[in-house]
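Student: This is what each chain is made of:
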Amino acid sequence: MKLASRSIATSAAMLLGGLISAFLFCLVMGFIAFYGDEGDVAQYDIATEIQRSVEMDDSGQLGIKPNAKLMAFHRQFPRLWYLVTTPQSHVSYGPVPARVLASKGVWDPPQARSAYDTEGDSLRLSRSARVGTDSKFLIELGGAAYSSTEVVMSILREPDMTSIMLAAVVTIIILTTILVVPALIVRPVLRAAAAAEDIGSKDGVRLPIESQPSELRPLALAFNRALDRIDAATAEQRRFLSNAAHELRTPLTRLRTRLERVEDKEVRAELVGGLQSLSGTVTMLLQLARLTSQPTEMARIDLAATARDAAVREVPTALAGGVDLEFRGDATEMISGSAQAIGIGLSNLIRNAIQHGGGGGRVIVEVGSPRRVSVIDFGPGLGTAYQGRAVMEPFARGKQDSSGTGLGLAIVAQVAALHGGLFSIDKTPGGGSTATLTFPG
Amino acid sequence: MRLLVVEDDVDLGPWLREALERAFGGADLVATLDEACAALKVRHFDLVVMDRRLPDGDAITLIPTMRRLNPRPSILVLTALDDPNDIAKALDAGADDYLAKPFEPVELIARAKAILRRSQLDQKGVSSVANLRFDTFARMAYVDDEPLILPRRELALLEALMRRTGQVVLRESLDNAVYGFDDEIQSNAIDAHLSRLRKRLRERGCKAEIKPLRGIGYLMTDGR
Numbered sequence: 001m002k003l004a005s006r007s008i009a010t011s012a013a014m015l016l017g018g019l020i021s022a023f024l025f026c027l028v029m030g031f032i033a034f035y036g037d038e039g040d041v042a043q044y045d046i047a048t049e050i051q052r053s054v055e056m057d058d059s060g061q062l063g064i065k066p067n068a069k070l071m072a073f074h075r076q077f078p079r080l081w082y083l084v085t086t087p088q089s090h091v092s093y094g095p096v097p098a099r100v101l102a103s104k105g106v107w108d109p110p111q112a113r114s115a116y117d118t119e120g121d122s123l124r125l126s127r128s129a130r131v132g133t134d135s136k137f138l139i140e141l142g143g144a145a146y147s148s149t150e151v152v153m154s155i156l157r158e159p160d161m162t163s164i165m166l167a168a169v170v171t172i173i174i175l176t177t178i179l180v181v182p183a184l185i186v187r188p189v190l191r192a193a194a195a196a197e198d199i200g201s202k203d204g205v206r207l208p209i210e211s212q213p214s215e216l217r218p219l220a221l222a223f224n225r226a227l228d229r230i231d232a233a234t235a236e237q238r239r240f241l242s243n244a245a246h247e248l249r250t251p252l253t254r255l256r257t258r259l260e261r262v263e264d265k266e267v268r269a270e271l272v273g274g275l276q277s278l279s280g281t282v283t284m285l286l287q288l289a290r291l292t293s294q295p296t297e298m299a300r301i302d303l304a305a306t307a308r309d310a311a312v313r314e315v316p317t318a319l320a321g322g323v324d325l326e327f328r329g330d331a332t333e334m335i336s337g338s339a340q341a342i343g344i345g346l347s348n349l350i351r352n353a354i355q356h357g358g359g360g361g362r363v364i365v366e367v368g369s370p371r372r373v374s375v376i377d378f379g380p381g382l383g384t385a386y387q388g389r390a391v392m393e394p395f396a397r398g399k400q401d402s403s404g405t406g407l408g409l410a411i412v413a414q415v416a417a418l419h420g421g422l423f424s425i426d427k428t429p430g431g432g433s434t435a436t437l438t439f440p441g
Numbered sequence: 001m002r003l004l005v006v007e008d009d010v011d012l013g014p015w016l017r018e019a020l021e022r023a024f025g026g027a028d029l030v031a032t033l034d035e036a037c038a039a040l041k042v043r044h045f046d047l048v049v050m051d052r053r054l055p056d057g058d059a060i061t062l063i064p065t066m067r068r069l070n071p072r073p074s075i076l077v078l079t080a081l082d083d084p085n086d087i088a089k090a091l092d093a094g095a096d097d098y099l100a101k102p103f104e105p106v107e108l109i110a111r112a113k114a115i116l117r118r119s120q121l122d123q124k125g126v127s128s129v130a131n132l133r134f135d136t137f138a139r140m141a142y143v144d145d146e147p148l149i150l151p152r153r154e155l156a157l158l159e160a161l162m163r164r165t166g167q168v169v170l171r172e173s174l175d176n177a178v179y180g181f182d183d184e185i186q187s188n189a190i191d192a193h194l195s196r197l198r199k200r201l202r203e204r205g206c207k208a209e210i211k212p213l214r215g216i217g218y219l220m221t222d223g224r
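For the protein sequence lines, the chains are A and B, in the order given. Position one of the first sequence corresponds to residue 1 (the UniProt record's numbering), numbered consecutively onward. Position one of the second sequence corresponds to residue 1 (the UniProt record's numbering), numbered consecutively onward.
By construction, these hints were calculated from the structure, which means they are not laboratory data. Keep in mind that the hints are not guaranteed to be accurate.
Covered by chain A, according to a simulated footprint, are these stretches of chain B (three or more residues, beta-carbon under 8 Å) [unchecked claim]:
#, segment
1, 61-73
2, 133-139
Quick list of simulated restraints, FRET-style, between CB atoms [stated by the list, open to error]:
#, chain 1, residue 1, chain 2, residue 2, range
3, B, N85, A, A183, 27 to 37 Å
4, A, P251, B, N85, 47 to 57 Å
5, B, G180, A, E270, 36 to 46 Å
6, B, G26, A, A331, 19 to 29 Å
7, B, G26, A, D330, 41 to 51 Å
8, B, Q120, A, L319, 40 to 50 Å
Okay, derived cross-link-like pairs now, DMTMM-like style, lysine to aspartate or glutamate, Cα gap no bigger than 20 Å in a straight line [to be verified]:
#, chain 1, residue 1, chain 2, residue 2
9, B, K89, B, E18
10, B, K211, B, E146
11, B, K113, B, D135
12, A, K65, A, D40
13, B, K113, B, D175
14, B, K211, A, D309
15, B, K207, B, E159
16, B, K199, B, E209
17, B, K211, A, E55
18, B, K89, A, E326
19, B, K89, B, D135
20, B, K113, B, E21
21, B, K211, A, E326
22, B, K199, B, D122
23, A, K265, B, E209
24, A, K265, B, D144
25, B, K89, B, D58
26, B, K113, B, D9
27, B, K89, A, E297
28, A, K65, A, E55
29, B, K211, B, E154
By construction, the Cβ of each residue, glycine as well, lies at the ideal position given by its N, Cα and C atoms.
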């Protein structure tokens with residue numbers, strides 16, 4: 001699971017880098033295994049350690065105090081031998097061949113030399129000689145050759161130019177792979193993602209298929225098919241809501257006109273009130289259904305203008321309720337949102353404030369910075385029992401006997417949720433409630 | 001005043017015709033787009049009140065035809081569809097106003113009156129609210145047929161408000177109505193002009209009222 005959720009591009013790059021370095025490693029190993037060490041690598045290493053272990057006193061007397069590495073070579077190669085010669089003296093270790101021993105004392109630096117045994121087709125270094133620092137001594141040795149693994153270990157232990165270059169090349173290849181491959185894979189994916197982002201809530205726009213790399217084509221096709229289904233479902237939903245609105249409202253209108261014929265004024269007022277509340281419920285149910293079921297088109301809008309439009313719309317309600325409706329907020333306050341949805345939410349808040357907080361005689365719609373709009377009333381306020389989320393649930397009411405439908409605040413909460421904003425209800429200082437919508441930037 | 005009701009509902013249609021006839025004098029009722037077209041060819045209507053969903057199509061399709069008529073009838077669309085897009089579509093097509101079903105009978109009459117008042121002001125240059133009358137050509141206002149002498153800016157304010165009686169007029173539209181591009185606008189000059197205008201109207205016993213709406217604008221009503 002964890003592996004699957006990691007970036008494909010990074011995984012691919014790491015895999016490629018790994019494969020390339022493994023290939024190179026195998027190549028080197030194969031090369032070494034094929035040619036092997038014919039003694040030159042091992043004997044060079046040992047000569048180096050012998051040189052470090054040689055001690056010479058002031059009179060030119062030779063001594064060897066094997067260091068730890070040389071001791072290890074002693075153990076590793078049982079047939080190892082060496083002979084260190086100065087013009088005055090010599091020191092030896094192991095089974096030095098008689099031929100070599102015979103020439104001891106023959107001090108003929110400066111040249112280093114090697115002697116090879118011929119065994120069948122292959123050459124094998126049997127002896128190498130090396131001249132010490134300042135030509136003070138001559139080291140001759142033999143009887144040691146590395147296995148393939150040991151050659152690699154030796155190179156790794158004391159890297160020379162060749163192995164450093166090789167390592168550098170491998171590193172560069174791996175780095176290039178890791179940097180380039182993800183970019184190659186990711187770019188078309190990002191392009192497709194940007195195209196998908198552009199589609200947004202516009203109808204009928206689809207991902208381009210032709211310009212997609214073949215791997216992404218099935219995904220783009222599936223994405224477009226999903227969009228087709230969503231569009232169809234949205235259209236169906238819209239049709240359904242339109243029909244529902246028509247089928248619910250036409251009989252309500254018919255009923256309302258018939259009520260005009262009721263003779264008894266009191267009975268008529270009562271029936272009209274009931275019908276109005278029923279109509280209000282129908283309107284709000286349709287609004288809630290529309291907000292929850294249809295994609296909202298977001299745009300850059302001025303919250304102040306939207307809020308003032310809502311206030312203007314509700315002026316007749318305010319006048320009918322004997323409430324002074326005031327708007328505060330001169331500066332523009334740009335947000336990303338749907339003016340329609342926010343307008344519906346604010347209308348509900350204002351009507352709510354007029355209906356339940358109108359006793360204060362005043363309702364204020366205030367736009368503040370940053371991206372905040374409040375509807376302030378000076379009425380009795382919500383009871384403490386209803387503070388918090390409960391009143392925002394559909395069909396929850398502040399008071400059981402109140403004439404509200406309990407849908408208004410659910411609509412406002414839905415509007416806030418659509419915008420990723422916050423909806424809160426607080427006490428107005430001095431009495432009443434303040435409902436606030438806060439929008440993200 | 002002649003009105004045309006386009007409504008296919010068997011209950012609502014006759015009721016609309018009756019209510020509008022009582023308020024405006026004369027109204028005819030048709031039930032389909034075809035009949036509406038025929039009726040519009042035969043005679044002039046001052047206002048067409050129409051439902052959107054009709055048996056032979058969406059009433060919006062009729063609006064462009066109506067707008068080409070001369071004199072052009074005003075259009076009030078009744079709609080049971082409350083999708084804000086639907087409402088915007090009706091207004092964009094050229095309807096003067098819309099009313100969502102179900103509506104209060106008084107609201108219908110008030111909207112129809114407002115539309116007719118505006119179109120009369122445009123076509124005949126005269127508008128009246130309660131006992132207040134305004135003549136755009138003579139640039140004179142009358143209360144109970146007595147001329148009311150008003151300074152230029154107050155007259156402009158009164159015209160702007162009467163043009164939209166029953167509707168909220170935003171402060172900046174009043175600014176635009178009173179001041180030219182080059183005039184320096186003082187932030188509360190409009191309020192001062194309006195407060196003087198309201199005082200004058202009150203003193204003359206004018207029944208029409210100008211309601212101030214703080215931070216929003218002003219609203220002219222017939223005072224009832």
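Student: Give a verdict on every hint.
Tutor: Hint by hint, here is what the structure shows:
1. 61-73: Contact hint for the segment 61-73 of chain B vs chain A: violated, 0 residues under 8 Å.
2. 133-139: Violated - the segment 133-139 of chain B has 0 residues with a Cβ nearer than 8 Å to chain A, which falls short of three.
3. B/N85 to A/A183: 27 to 37 Å: 44 Å Cβ-Cβ, so the 27 to 37 Å window is violated.
4. A/P251 to B/N85: 47 to 57 Å: violated, 24 Å
5. B/G180 to A/E270: 36 to 46 Å: violated, 54 Å
6. B/G26 to A/A331: 19 to 29 Å: For B/G26 and A/A331 the Cβ distance comes to about 51 Å; the hint is violated.
7. B/G26 to A/D330: 41 to 51 Å: holds, 48 Å
8. B/Q120 to A/L319: 40 to 50 Å: violated, 24 Å
9. B/K89 to B/E18: violated, 28 Å
10. B/K211 to B/E146: Distance of about 23 Å is beyond 20 Å: violated.
11. B/K113 to B/D135: holds, 18 Å
12. A/K65 to A/D40: violated, 23 Å
13. B/K113 to B/D175: Distance ~26 Å between B/K113 and B/D175 Cα, so the pair is violated.
14. B/K211 to A/D309: holds, 17 Å
15. B/K207 to B/E159: With Cα atoms ~16 Å apart, B/K207 and B/E159 stay inside 20 Å; holds.
16. B/K199 to B/E209: With Cα atoms ~11 Å apart, B/K199 and B/E209 stay inside 20 Å; holds.
17. B/K211 to A/E55: The hint is violated at about 116 Å.
18. B/K89 to A/E326: violated, 30 Å
19. B/K89 to B/D135: The hint is violated at about 33 Å.
20. B/K113 to B/E21: holds, 13 Å
21. B/K211 to A/E326: Cα-Cα ~12 Å, so holds.
22. B/K199 to B/D122: Violated, at about 27 Å.
23. A/K265 to B/E209: violated, 28 Å
24. A/K265 to B/D144: violated, 34 Å
25. B/K89 to B/D58: Judged against 20 Å, a Cα distance of about 11 Å means the pair holds.
26. B/K113 to B/D9: violated, 23 Å
27. B/K89 to A/E297: Given that 20 Å is the threshold and the Cα spacing comes to 16 Å, the pair holds.
28. A/K65 to A/E55: With Cα atoms ~7 Å apart, A/K65 and A/E55 stay inside 20 Å; holds.
29. B/K211 to B/E154: holds, 15 Å
Of the numbered hints listed earlier, those contradicted by the structure are 1, 2, 3, 4, 5, 6, 8, 9, 10, 12, 13, 17, 18, 19, 22, 23, 24, 26.
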